[in-house]
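So the protein sequences, as listed, match chains A and B. Going by the working numbering, the first sequence opens with residue 55, and the numbers climb by one from there. Going by the working numbering, the second sequence opens with residue 2, and the numbers climb by one from there.
Since the hints were made in silico from the structure, they are not lab data. Some hints could be false.
Have a look at the derived ranges for each label pair, beta carbon to beta carbon [claimed, not checked]: (1) A/T234 x B/L252: 21 to 31 Å; (2) A/T234 x B/V139: 19 to 29 Å; (3) A/I269 x B/K158: 54 to 64 Å; (4) B/K158 x A/L378: 53 to 63 Å; (5) B/A150 x A/Q369: 47 to 57 Å; (6) B/A385 x A/I269: 29 to 39 Å; (7) B/R322 x A/T234: 23 to 33 Å; (8) A/N373 x B/A150: 26 to 36 Å; (9) B/V139 x A/L241: 23 to 33 Å; (10) B/K160 x A/Q369: 35 to 45 Å; (11) A/N107 x B/Y390: 28 to 38 Å.
Residues from chain B shown here face chain A by an in silico Cβ test under 10 Å; the list is partial [as the list claims (entries may be wrong)]: (12) N60; (13) I72; (14) A209; (15) E284; (16) M348; (17) Q361; (18) S393; (19) V394.
Straight-line alpha carbon distances no greater than 25 Å define the calculated DSS-like cross-link-like pairs of lysine-lysine that follow [to be verified]: (20) A/K277 x A/K169; (21) A/K187 x B/K337; (22) B/K158 x A/K187; (23) B/K337 x A/K140.
Glycine included, each C-beta is placed from N, C-alpha and C at the ideal position.
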Amino acid sequence: MKKMILPVALGAAFAATSLSAATAGTLEDVQERGTLRCAVSTGLAGFSYTDENGKWQGFDVDYCRAVAAAVLGDADAVEFSPTTGKTRFTALASGEVDILSRNTTWTYSRDADLKFTFLGVSYYDGQGFMVKKSLGVTSAKELDGATVCIQTGTTTELNLSDYFTAEGMSYEPLSIETNTEGRANYLADACDVYTTDASGLAASRATFENAADHIILPEIISKEPLGPLVRHGDDQWADIGRWVLNAMKIAEEKGITAANADEMAATSKDPEVKRLLGASGEMGAAIGLNNDFALVAIKAVGNYGESFERHLGTQTKVNLARGLNAVWTEGGLQYAPPFR
Amino acid sequence: MSTSTVPADNSFQLSQLWRDARYRSYTIQIIALVVALSVVMMLIGNAVENLEALGKDFNFGFLFEPAGYDIGQRLVEYTSASGHWKAALVGLLNTLLVAFLACLAATVIGVFVGVLRLSNNWVISRLMAVYIEGVRNVPLLLQILAWYAVFIHVFPKPKQAEPLLGGALVATNRGFYIPGFTYEGAYLAVVAVFLASIAGIFIFRSWAKKRQEETGQILPVGLYSLGLLIVPTAIVYFIAGMPIGLEFPTLKGFNYVGGTKAGTPLIALWFALSIYSAAFVAEIVRAGIMAISKGQTEAAYALGLRPQRTMSLVVLPQSLRIIIPPMISNYLNITKNSSLAIAVGYMDLTGTLGGITLNQTGREMECMLLLMATYLVISLTISAVMNYYNESVKLKGR
Chain A
55 MKKMILPVAL GAAFAATSLS AATAGTLEDV QERGTLRCAV STGLAGFSYT DENGKWQGFD
115 VDYCRAVAAA VLGDADAVEF SPTTGKTRFT ALASGEVDIL SRNTTWTYSR DADLKFTFLG
175 VSYYDGQGFM VKKSLGVTSA KELDGATVCI QTGTTTELNL SDYFTAEGMS YEPLSIETNT
235 EGRANYLADA CDVYTTDASG LAASRATFEN AADHIILPEI ISKEPLGPLV RHGDDQWADI
295 GRWVLNAMKI AEEKGITAAN ADEMAATSKD PEVKRLLGAS GEMGAAIGLN NDFALVAIKA
355 VGNYGESFER HLGTQTKVNL ARGLNAVWTE GGLQYAPPFR
Chain B
2 MSTSTVPADN SFQLSQLWRD ARYRSYTIQI IALVVALSVV MMLIGNAVEN LEALGKDFNF
62 GFLFEPAGYD IGQRLVEYTS ASGHWKAALV GLLNTLLVAF LACLAATVIG VFVGVLRLSN
122 NWVISRLMAV YIEGVRNVPL LLQILAWYAV FIHVFPKPKQ AEPLLGGALV ATNRGFYIPG
182 FTYEGAYLAV VAVFLASIAG IFIFRSWAKK RQEETGQILP VGLYSLGLLI VPTAIVYFIA
242 GMPIGLEFPT LKGFNYVGGT KAGTPLIALW FALSIYSAAF VAEIVRAGIM AISKGQTEAA
302 YALGLRPQRT MSLVVLPQSL RIIIPPMISN YLNITKNSSL AIAVGYMDLT GTLGGITLNQ
362 TGREMECMLL LMATYLVISL TISAVMNYYN ESVKLKGR
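Throw the hints in and build the complete structure from the sequences for me.
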């Protein structure tokens with residue numbers, strides 16, 4: 055028994071050093087540091103990727119910049135940490151990053167058991183399948199016996215198993231670590247099917263040489279509400295994250311864009327717009343920020359729709375329609391609570 | 002009656018704890034113990050406190066909840082409805098499988114290369130030197146990834162794969178398929194006879210060896226052993242009405258089904274681990290051989306032994322004593338290096354318990370401790386077995 059003490063203690067030591075940073079007061083920490091630490095993916099077209107200048111770009115990245123702008127007044131004061139599906143939660147739980155914005159599905163166990171707080175839904179997604187057209191498959195129900203490439207450490211892994219069990223079909227999983235590896239294996243025919251969130255499939259397909267040779271099957275087998283998240287235990291920080299996201303959505307609803315935000319703040323007659331942009335009331339102070347936090351954030355990255363169209367929309371290579379992600383006034387699900 | 006020249010001095014002074022050689026070592030040991038214990042206590046206390054601050058408890062109940070994910074390569078029955086412990090077991094067996102295969106292959110290749118490295122043939126010895134220096138100086142992870150890429154790009158897709166050896170081997174970029182056994186009827190009798198034959202071979206060999214030592218007569222042991230291995234089993238097999246059949250892999254839908262599959266991740270990992278570790282084994286073997294005095298070889302030649310027999314009967318048995326201890330640590334390295342499996346999607350213990358299970362349940366502490374403890378047990382077991390073997394071959398004091 056005595057021998058076991060050392061490994062146990064060492065394990066405890068590693069865990070302890072990594073956990074000790076997880077304390078309340080994230081806002082103060084961030085302000086003191088002068089930068090926001092934000093976990094993103096290791097590279098997923100449209101969501102988070104580095105452009106030719108080495109600068110992080112994307113829909114998830116924009117959200118990080120918006121938070122940095124709201125908290126620090128500088129959209130570039132962000133340290134990005136690329137994380138895999140497997141490392142992301144440890145990075146957040148250990149306090150290595152302040153916020154996680156990495157197409158992460160909001161589920162009960164992540165919320166309650168992993169002790170995270172989800173800040174809202176930035177993208178309504180669902181799991182889909184991509185196959186080569188040459189396979190001649192038109193429906194996921196024809197995939198019995200196929201080899202499936204799947205990113206480990208994600209909800210897709212569990213959905214996939216549930217779906218094939220429910221349909222009474224069998225499959226061979228090929229577990230891979232990152233989206234890049236998944237694409238490589240899929241293109242080399244090490245697997246017949248690549249499965250992940252439909253948005254991720256579209257993003258991957260956009261980077262293929264012959265995007266038209268691949269189809270995304272019509273079946274969407276799960277609900278994947280993706281959103282940013284923070285650790286349990288710091289409600290102020292969670293409120294900041296939640297309301298930056300909501301502010302971006304409200305801005306779209308109210309027609310506030312990066313270009314006209316200043317003008318709207320000065321001239322708008324709409325009381326909610328004035329409150330949102332800090333032209334009236336002391337709204338920002340309630341979460342420890344300047345009253346114009348939303349204005350600064352919107353000026354930095356634009357409203358929700360602008361960010362979407364810039365990185366994911368039909369004008370981009372990723373080519374995703376707004377669909378469920380249109381604001382509620384236009385038949386979508388994006389519905390932010392009122393700013394009052 | 003004995004007289005003491007030094008009168009007993011019972012007065013004890015505190016400074017003696019440090020100055021007096023009789024007490025000093027105790028003092029140092031006690032201080033070291035106290036320091037070590039307080040560090041351990043501090044670490045445990047810190048971990049407990051931080052877990053509490055996060056609102057996380059410490060228990061292993063999650064191991065019995067359904068895992069919910071599937072595993073491609075598995076040695077035991079497993080479905081996504083099995084518990085996390087079963088997934089960990091599948092992973093553990095996969096780790097042991099690849100570690101065992103790699104240890105075996107690395108030893109065979111390594112001994113071969115190590116001997117050839119000392120060859121008098123300049124080309125061969127240089128070639129081996131190039132192999133050893135090239136392979137052992139490139140990071141293992143890169144080699145694993147490179148071999149995997151080679152396997153998935155070089156071998157054909159399942160639908161284009163041509164079965165080789167009359168359907169007994171199908172090589173695709175998703176894995177290699179060989180026929181599997183199907184059992185029916187009185188197959189147990191055949192298996193029992195087969196096992197009995199193996200035991201018989203061992204008995205026969207030790208008897209033949211004894212006979213040789215006593216009379217000097219040499220029997221064709223290899224031929225007899227082969228006969229003993231095949232003939233009785235074959236007779237029982239046909240008498241029992243051929244209860245064990247072969248199932249050949251056939252292309253059905255997307256993949257080959259039936260038979261036994263070794264997936265590309267397993268093959269690539271095995272290949273990379275073996276090639277990499279064999280370079281180290283070769284150097285150990287070379288060192289062992291070079292440590293044997295040249296006089297031994299010359300003496301053997303003088304007795305008329307051919308070079309091959311000199312190597313296998315005179316030099317290698319002696320160099321084993323030098324080779325075994327570093328080999329132990331090499332085997333441990335292979336086992337631990339197998340945890341790089343996740344890079345190619347081979348679901349070993351690190352991939353299941355330390356990967357997906359950890360991620361889906363969020364139990365970092367529990368999973369990591371369990372994982373480390375398991376690797377520790379595996380390593381200590383390997384090292385115990387090898388040490389036992391080392392005892393049996395080392396120079397006995399007579």
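Results for each hint:
{"no.": "1", "hint": "A/T234 x B/L252: 21 to 31 Å", "verdict": "holds, 30 Å"}
{"no.": "2", "hint": "A/T234 x B/V139: 19 to 29 Å", "verdict": "holds, 22 Å"}
{"no.": "3", "hint": "A/I269 x B/K158: 54 to 64 Å", "verdict": "violated, 18 Å"}
{"no.": "4", "hint": "B/K158 x A/L378: 53 to 63 Å", "verdict": "violated, 36 Å"}
{"no.": "5", "hint": "B/A150 x A/Q369: 47 to 57 Å", "verdict": "violated, 35 Å"}
{"no.": "6", "hint": "B/A385 x A/I269: 29 to 39 Å", "verdict": "violated, 56 Å"}
{"no.": "7", "hint": "B/R322 x A/T234: 23 to 33 Å", "verdict": "violated, 49 Å"}
{"no.": "8", "hint": "A/N373 x B/A150: 26 to 36 Å", "verdict": "holds, 30 Å"}
{"no.": "9", "hint": "B/V139 x A/L241: 23 to 33 Å", "verdict": "holds, 25 Å"}
{"no.": "10", "hint": "B/K160 x A/Q369: 35 to 45 Å", "verdict": "holds, 38 Å"}
{"no.": "11", "hint": "A/N107 x B/Y390: 28 to 38 Å", "verdict": "violated, 60 Å"}
{"no.": "12", "hint": "N60", "verdict": "violated, 13 Å"}
{"no.": "13", "hint": "I72", "verdict": "holds, 7 Å"}
{"no.": "14", "hint": "A209", "verdict": "violated, 44 Å"}
{"no.": "15", "hint": "E284", "verdict": "violated, 31 Å"}
{"no.": "16", "hint": "M348", "verdict": "holds, 6 Å"}
{"no.": "17", "hint": "Q361", "verdict": "holds, 7 Å"}
{"no.": "18", "hint": "S393", "verdict": "violated, 25 Å"}
{"no.": "19", "hint": "V394", "verdict": "violated, 28 Å"}
{"no.": "20", "hint": "A/K277 x A/K169", "verdict": "holds, 21 Å"}
{"no.": "21", "hint": "A/K187 x B/K337", "verdict": "violated, 42 Å"}
{"no.": "22", "hint": "B/K158 x A/K187", "verdict": "holds, 16 Å"}
{"no.": "23", "hint": "B/K337 x A/K140", "verdict": "holds, 21 Å"}
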